[in-house]
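J.: Using the hints, position chains G and H against chain W.
As they're listed, the protein sequences go chains W, G and H. In terms of the working numbering, the first sequence opens at residue 1 and continues consecutively. In terms of the working numbering, the second sequence opens at residue 933 and continues consecutively. In terms of the working numbering, the third sequence opens at residue 1409 and continues consecutively.
Keep in mind the hints are simulated off the structure, nothing from the lab. Nothing false has been slipped in among the hints.
Below, computed lysine to any residue pairings styled on SDA-like, alpha-carbon distance capped at 20 Å:
no., chain 1, residue 1, chain 2, residue 2
1, W, K817, W, V838
2, H, K1536, G, L1127
3, H, K1536, G, R1162
4, H, K1536, G, L1152
5, W, K574, W, A632
6, W, K332, W, P496
7, G, K1008, W, R733
8, G, K1246, G, V1314
9, W, K817, G, A1007
10, W, K817, G, W1004
11, G, K1008, W, V838
12, W, K350, W, A628
13, H, K1536, G, I1146
14, H, K1536, G, G1153
15, G, K1008, G, L1077
16, W, K350, W, S315
17, G, K1008, W, E835
18, H, K1536, G, Y1124
19, G, K1008, W, D814
20, G, K1008, W, V833
21, G, K1246, G, N1310
22, H, K1536, G, I1149
23, W, K350, W, A191
24, H, K1536, G, R1141
25, H, K1536, H, S1412
26, G, K1008, W, S730
27, G, K1308, G, A1243
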Amino acid sequence: MHAHDHDHPPELNRRDFLRLAGASVALAGLDGCSRMPAEHILPYVDSRPELTPGIGSYYATAMSVDGYATGLIVESHEGRPTKIEGNPAHPASLGAAGPIELASVLQLYDPDRGKSARVGSEQVQWERVAANLAPAALRSRVGGRGSGLHLLIEPTSSLLDEELLASVLTAHPDARIYMYSPMLGDGATDAAVQQYDIANADVIVAIDSDFLSTAPFHLRYARQFADNRRLARPTDAMNRLYVVESTFSSTGSAADHRFAVRPREVTTVLRWLLTSVINGDAKTEAPAWIAAIARDLRAHQGRSLVIVGDAQPASIRALGDAINDAIGASGKTTWYTTSPLVGHHVPVHKLADLVGAMDAREVDTLIVIGGNPSYATPRALGFSSLMRAVPNSGYLGLYENETARDARWFVPMSHYLERWGDARAYDGTVSIVQPLVNPLYRSIAPPELYATLAGTSNGGARSYDLLRASWTRRTSGDAETAWSDALQRGVTADAPMSRVAAPTTFPSDTNPFEGTAFEVIYLADPKIHDGSFANNGWLQELPAPLTQLTWGNAGLISPATAHRLNVSDGDIIKLSSGQRALELPALVVPGHADDTVSVHFGYGRTGSESAARDVGADAYALWPAVGARSEAITVTRTGAAQALALAQTQSTGAGRDPVHRATLDAYRASPSSVGQRSGRVLSLYPEAKPPDSNTALQWAMTIDLTTCIGCGACVVGCQSENNIPVIGASEVRNGRSMQWMHVERYFADNGADAAMQPMLCQHCENAPCEYVCPVGATVHSSDGLNEMVYNRCVGTRFCSNNCPYKVRHFNWFDYNKHLSETELMVKNPNVTVRERGVMEKCTFCVQRIREAEIAAGRDGRAPRGTDVQTACQQACPTNAIVFGSLTEPSSEMMRRRNQPRSFAALAELGTEPRVRYLARIRNANPEIHDSR
Amino acid sequence: MTTVPLRRARGDNPVPTAFPAPPDASVLRFDGSDRALTDQLLAPLRGTGVVWWVLFAVSAAGTAVFAFSCWWTVAKGIGAWGNNIPVAWAFAITNFVWWIGIGHAGTFISAFLLLLNQHWRASINRVAEAMTIFALMNAGLFPILHLGRPWFFYWLIPYPATMGVWPNFKSALPWDIAAVTTYLTVSLLFWYAGLVPDLATARDWLDSRLARRIYGIFALGWRGTSTAWRQHRVAMVLLAALATPLVVSVHSVVSLDFAIAQLPGWHSTIFPPYFVVGAIYSGFAMVLLLILPLRHAYRLEQVITERHLDAMAKLTLTMALMLTYAYVVESFVAWYTHDIPERFTYLFERPFGTYAVLFWIMITCNVVVPQVFWWKRNRTSVGVLLAASGAILVGMWLERFIIIVTSLHRDFLPASWHIYRPTWVDFGLLFGSVGFFGFLFLLFVRFVPFIAISEVKRLRHDLGENGGREIGLPHA
Amino acid sequence: MRDSRWPEGAYAAEFADERHFVGALAMLRDQGYTRLETYTPYPVPRIESALRDPPSVLPGLVFLGGLCGGLFSYWVQWYTNAVSYPLNIGGRPAHAVPAFFIPTFEGTVLSAAVVAFVGLFALLRLPKPWHPMFEIDGFERASIDHFWIAVDATDPRGGTLSQQTLESLDPLRVVRVPATS
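Bound-form chain W, shown alone (with noise of 0.2 Å):
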């Protein structure tokens, strides 16, 4: 009924159907505190207040995507994880968390997850599955020697797996092992991967690298980019960022110079900076801009850093390698370690090899664990129908997926929140991951399974036993005492991987394909990664850096391009070669290369995972083969049309600027012209009197607009925090999003440019939504908060016309009416949950702030500024985001606020927000005047 899609949004209504199973799993066993592990789990100790607001308790961990781990600090109520951060002590986060990291406690509470063991369509315990795959039952099918064993398992830098991995061999000493991932391609089995120290280089280079928002180790990187460009005073040092890409990214919008190039200019602009770097000034065939970089780079010797992204071929990247090498990069900024993923005790091979063996019916047992390959492999290599082939096929997986479907049996796999065990990150810094919670459903973990089939156990081993038995082994000296450090600080002493040299790989001197009239460029999703996280609402609904795109996947393309193929956003349009082909909307994105096209993995799901069902394009259908970058396509217009979920309609700031920018030179020659303006407006009342702050903390927020890189993070943080709903794609295209935080951005009219202005309640001392409420229901606090009070609410939405920042968000149904048992488990229980018909915006976090007061308190002090964080502030990488009080003028609150660069939006309203923004300033090269 159409109608029916006005009551609620669609994804929650196909979902409904789930609910009485979700529920009755729920009631099994869902009640309260009973759900702590049985195993003792030690809290987080950290004595930092800002690391304990609120008075759920809080246990370290960590999250793997793509097998590099970073730590996270959860947040439990009654035995209920609800909220993620960060581990300051973990060197992948150092507080911070990506938006995947914050919404995987929403994953773990899906109602689509798989619930029970099967075999065929039958419906069994682990432990009749387990019986199977006993070495000695299996033997029988696979041979004496496990030949036909074949296991694929998604990337891991888990030792304890490695180690159990081994001794599966030893049972089945000819089974083989093979580890995939799509954004990790065949370079997944490397042996080498590259560090960086973002903290020590002055002068950056990144060429078709996301490394600030999606690469490995992206938090910290982020975090040490920032702290290189505080601009505490104007003429501080301020690092500088060249990037060279295709596709606008977070870190092309934090660049000082982006330079928009087709994909397979990359190869190009890598020789030209090669020769340029190499021969100095002496005059080379490159254009102005790569001189002007080479001079840079040479300038700052051993300070400077060349990044080639990762999904570029390792012929390309080492030409990257050979620039760092010139420009003395090489071991100081940059070098080389053995890869922390499995592989250097058991042989991994790759998927190519599984397809192979699969084609040539040598298969007889394939076990998938992790991953989903039969959706996210290249359709060209059908992985999916050879699957199907294999006479015994098992799945171990959180979803009923693809790769369920085309497996014989299946066992749900235990989220991370609900398993032990241990990973690396990136630097191959270990840390245990710790349950908060028993498993929600009949689930086991991979390392069980290794057990099973090595023959250690019949398929009760438990992970824990597992895990401490091989810590014992591995740790010298007393390993209780080391067990529980590591449990609590949540890194353990192990060493990170050791350095190696460079791999050496010529670079390639040909270009992929010349002269074509279109490519195409595949990438890893920022939201949804490779799919993994797709039934995600809070990744589905987080609108994607820079093109502000939710629920969905989009051709990218620039606005000369689109104006060559005559589309628009939302035309279909057609990439196809040979017998490839791939259809879906067109986006345009200012600033992107021309005749190039960029899509996103991941949409275009076709699991049992409802809310993923149906959204976006199957990019996977058009990828030529498992590490392709990109390649040459074919683009026409099918001249349909499909209204995309975009967050935001503009793209520019249409002559308004509401974010100043400035060059750093231009900062440095006159620090106020860039500040706020002046806020006086006539008024028939007396002058409101300045808060005082002798009565209590007057709160406030600042935002540095130069070193936000438009990640997200704040936002799914905040919609994790104050139980924001997921409304769907049709209430988003019809302008009803929900999120509290929106990261606003503008591109300058050339496209050169995109501004990023995360837009929250600014809580106006004269705030223009209080005077027009008639049942005053939206007032302000003596501590200078501008509350809403939902109970007193009755709709008139008065306060949201009336708002010039338009931060106000209405309930226009009841958007939690149609959550499952398990989804209102991850509400976090400090926060109202609003109902139908009521205003409900930021809060500036007050909860926390009410805690933190009682607790000061408790403990017999008056409260601090400093006491208090709200979520976007944590969640955020680069530290952007600043809460404290105004009472506190040495907080860095207050010295970021008092800097001639901050200035109030729409400050000529004279609405005084307690939120103030800091100019965003761009470290320009004077000799550089053609940023394309």
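T.: Here is chains G and H on its own, set in the frame of chain W:
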């Protein structure tokens, strides 16, 4: 009490032939007896024709649509409409302002013109007042329906609540409530007070016992004593004097709902007079739209004469010119401010932006069309008057839509800009409310004397006895 | 009203013509009749010159009503927003004089209008569904096109004489009206 059929009474009260109504500029050309006049004016009370039933069926259907759309909105939530952020107000508030505006003509005609001694109003004021009341009944529904939680609408009224909370009188919305409720109440009292003598006439004129009883109850036992007539006239003048400032105040207050906000396109000091003019403008259009068919259906050409049409048309033209002035001024001021958002809203977004088509239709209906009234032929041509009135009503609805939606959907920060598209519920409420209005009006025509009989009689005798020199109703 | 108390009833005469009726009324007046009442289908100004009624008290009542209404409205706003539960709303003062003007104005008009309406019918002693005049056959026309004059039977000048006096005015007819109870 025993009744006597009229036919048994002796003699009638003819208009003295010595004093024929003057042919020129006559507002009353009736040449029958008072009783004949009464017979004609009360005729509808004895029953109506097929046309009435057809119209009644149509309007009843419209009312059903209205009711369903209201139920749907309350059941599902405001999300059933096309509204969003930034466009948090749209159709419902447009309808509200539109209906309130239409209501203004009633008070203007009956109160304002009474004070100004414009006695030609006598034959149209009752219809105009009824229209006011029904329009206000419609208008009043929308702000309540528009709430996110309509069941709490009474929170806007100051009453001692257990939580000790009160409305915030710095907001324009409580002003609105005060203004609209006052207006509705005063209009009702004014209307009913004026109606009592005619209800008495109906009571005495009708045959059926039941009808006499019912009208007798509402006539309150009126028997036209000299004291009654005098006090009645005093009261009417007082009520008129009170209602007249309301004509100015109500739409001024409504305009403040927008003017106190700081949104470009709303934040404007000329809004109060601008809105009042627009209100009376649309009200006159609606009066014409209702009077002309009545005049035809009940053969009232002698009571509602060309003189009325001419006067109404002239007033309409005047209002059109004032409104045009307002359009010009607000655009000029926007240009003069040098303020980017102001200029964008007035000088770009409205004439050339998303809803530009609607803007130009509005200009055509409100500015161009009424210019036909420069020619007397058009001022007295029923066809032209009907067409122009229809156009003006459409134009005035569009004006409010444009003020509300174009300003909201392109506000200060481009990042929050978003287009607005209405849903079927929005249209259901708009057309449904028109149906509901027609429904109420048809019932009024059927059961209530819709022309002020005693005033008309007074008027024709004044005309008679003063050799055609026009005299208005005497003052207290 | 003068006809609300007729202890011994009254004498009523019916006229078909306004000028005839007005003349008759003037004549009765000149003969010194004081307890007269008239019934007309529409207001006849010249009756007043004939009957010399005292000026209406309604305007005074309405003025008082308006005054009280205005004061009360302002008091409500001041008490609720500035005294009972003052809040910091958009940095504006709790006692916001300019904002309070409008409801004050509306309150004034509303109560004044209510007083005018209620006052009118209170002064007229209405509603009053029954009156002896209604007992007369054909009195219906008093609201359509005929004019009536009634003389209180206790009129000092008239008494039984009234009958003849009325007859002498050449009305359509003269009838005896029962007493008010």
